[in-house]
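Protein chains in written order, with full-length UniProt numbering: chain A, 1 to 256; chain B, 1 to 218.
Quick caveat, the hints were computed from the structure, so don't treat them as lab data. Keep in mind that a hint or two might mislead.
[Claimed, not checked] From the structure, some residues in chain A lie toward chain B, with a derived Cβ separation under 7 Å:
| hint | residue |
| --- | --- |
| 1 | ASN85 |
| 2 | GLN89 |
| 3 | MET93 |
| 4 | HIS97 |
| 5 | ASN99 |
| 6 | PHE101 |
| 7 | HIS103 |
| 8 | ALA113 |
| 9 | LYS115 |
| 10 | LEU117 |
| 11 | MET165 |
Heads up, the beta-carbon is just placed ideally off N, CA and C, and yes, glycines get one too.
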Amino acid sequence: MTDQSHFVEIRHAQKSYGTLEVLKDISLNVERGQIVAIIGPSGSGKSTLLRAVNDLDSLTGGEVWLDGVQVNKDLPHRQYEKHINAMRQDIGMVFQHFNLFPHLTARENVVMAPKMLKGLSKEDANKLAEEQLEKVGMLDRIDYYPSRLSGGQKQRVAIARALAMKPKLMLFDEATSALDPELVDEVNMVMKKLAEEHMTMIIVTHEMDFAASVCDRVLFMDQGVVVEEGPPEIVFKNPTKDRTREFLRKHLAGAA
Amino acid sequence: MGLDFTVVPAHLDIILLGCLWTIAIAVAAAVLSFFGGIVFAVIALYGPWFIRLPFRLIEWVFMGTPLLLQLFLIYFGLVQIGIDLPAFVAGIIGLGLHFAVYNSELIQTAILSVDKGQMEAARTVGLSRGQALRKVVIPQAVRDVIPPIGNNMIALLKDSALVSVIGVSELTLSAQRAIGATYRPFEFYLVAAAFYYVINLGMEWAQRRIERRISISR
Ligand SMILES: Nc1ncnc2c1ncn2[C@@H]1O[C@H](COP(=O)(O)OP(=O)(O)O)[C@@H](O)[C@H]1O
Ligand SMILES: [Mg+2]
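Chain B with its partners taken away, still in its complex shape:
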């Protein structure tokens, strides 16, 4: 039985719909992981201990355990305490927080390496520490870590396939459904791989645009 891609067009609609889900989940989770990463970083560096310590625990859970387990916890576990999230929302939260923890590590280092004179200059004109962080320090720190955050976002896109296990019909699960109907795993997995690659290219393109905009001020 050789490769036969003529079976693909009949199922292209599910695959494309899967693509849309993957893009939507990846983008939403990326946005959550970016802003969550900033919030986590600020808490880790400047939060009072009674907020910092619980966050350390959350951070440990998200870094030290498999993403798959985290998705199960959020989707199946939370139901038990009355939080019944739609699967795609659970997926976005799981992916988003998981990568927020990784982004937070990058952003913390970047915040600490912003020249101390920046905070001083901002305080000197009368800004509070929070205002100085928000307007002066964090924008510079984030600017410095756009490339490594971009790498995390590509990892996020790939890991978004994991949300198929909680039943979100994203690209991987859609491919599996098409395979179920046709018994053509090789073709449909290749098609899915091609679509991941294209989405990946799109993300890299977006990242380059952001980097180019930032480089104007360097």
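Here chain A stands alone, though its shape is the one from the complex:
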């Protein structure tokens, strides 16, 4: 076994779709309790990198490790399925378009997986649903179907659903990009709360202010490579690379 000293470790991640190389040798370490933001223009490979962490998109080269275990282990198909299903229980993911289960209530969305995979009793499942929905401020909508929730409320339920598995790591892929501007804050508040609880998080975002306020480190990606990486004070205020400067100038000007 290779020595492994970081909580999350992405080693030489490489991903191609046919001849299109989407990730070109990306490495990234995240320590326990750290929050890393990934920024960059659309199409630069941010989602692909994030989705490689739980193997939703499989890398064509490189390794992903979480807490001493390799996520994308080379195993025979059946064994791999078992392994990856177990790993994914430890990795929560939040999508841009929420992907709540529309045929289930908020409560059922939250407890479905814990009930199936951890054999929770009905009582414990209800307690878990209440606990998690309370955390995201959605307890009063516990028996609502997603169709009756706003975008911000849906995303908060989706976060509760991910948290219900008690993950070690949370991945956010533009969690607020699909929301009306006035609904962004309620979701950001929930993410801030998780940050205060020292949840380890990797956050792909277009919101520079939010990224600057919560994250320990920023990664600027462009065309499948990490162009610049560092603490938010440096990357946002004093970027060393031209490409970063240009991206930020466009982005901050666009937002203003």
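Starting from the known structure of chain A, fit chain B with the ligands onto it as the hints suggest.
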């Protein structure tokens, strides 16, 4: 010779018994066609080739040949290889599988049109592909095709008259027996038609109830 419905009450007991058979066969075949349709759809979409290919053959037989012939095959044909089914069981299996193939087509399309994000979200919380299909994708797909499946079920009810040819005393055959005793075809066929209509109404009512329950979550 005009219409004379006064002959009907004396034979109402056979007709009602025929009705019960028709309802029992239609309901059992409908249930079989529904769950069979789901199983066929999953096999067609996700089964390994050595299961998928024989199923394609079965599907072709059930879609490409007359239901009447299928009933003969199941009832008279299977006896030859030692499978001697009671007529009503053969009828249920024939009708059920025949419509399962049609339901499967609907369900396959519906499964493929469930948003990919649903499967991803389910896999992300740790569900296996089978669990995700069972708990997340298929319930949504089925929900989307309840109305067209309902139409198939009404066709099934009407086609259930065909099981009379293998000797099941369902509504049509009961009417024929009453006619045999009275020589009053017009009256008894009309009575049978009326009963089919009523059963049909019952099925439509059940379908509307199911649709209403589902619409709560939309
Ligand atoms: N399934 C796929 N097949 C082919 N190309 C893809 C696929 N998914 C993503 N890509 C390509 O990979 C690149 C990176 O995509 P993505 O990771 O979604 O970027 P980002 O999230 O930064 O916008 C894009 O050029 C995109 O077109
Ligand atoms: Mg993206």
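Exercise. Hint by hint, work out which the structure violates, then give me just those numbers in ascending order.
Key: Per hint list: single violation, 9.
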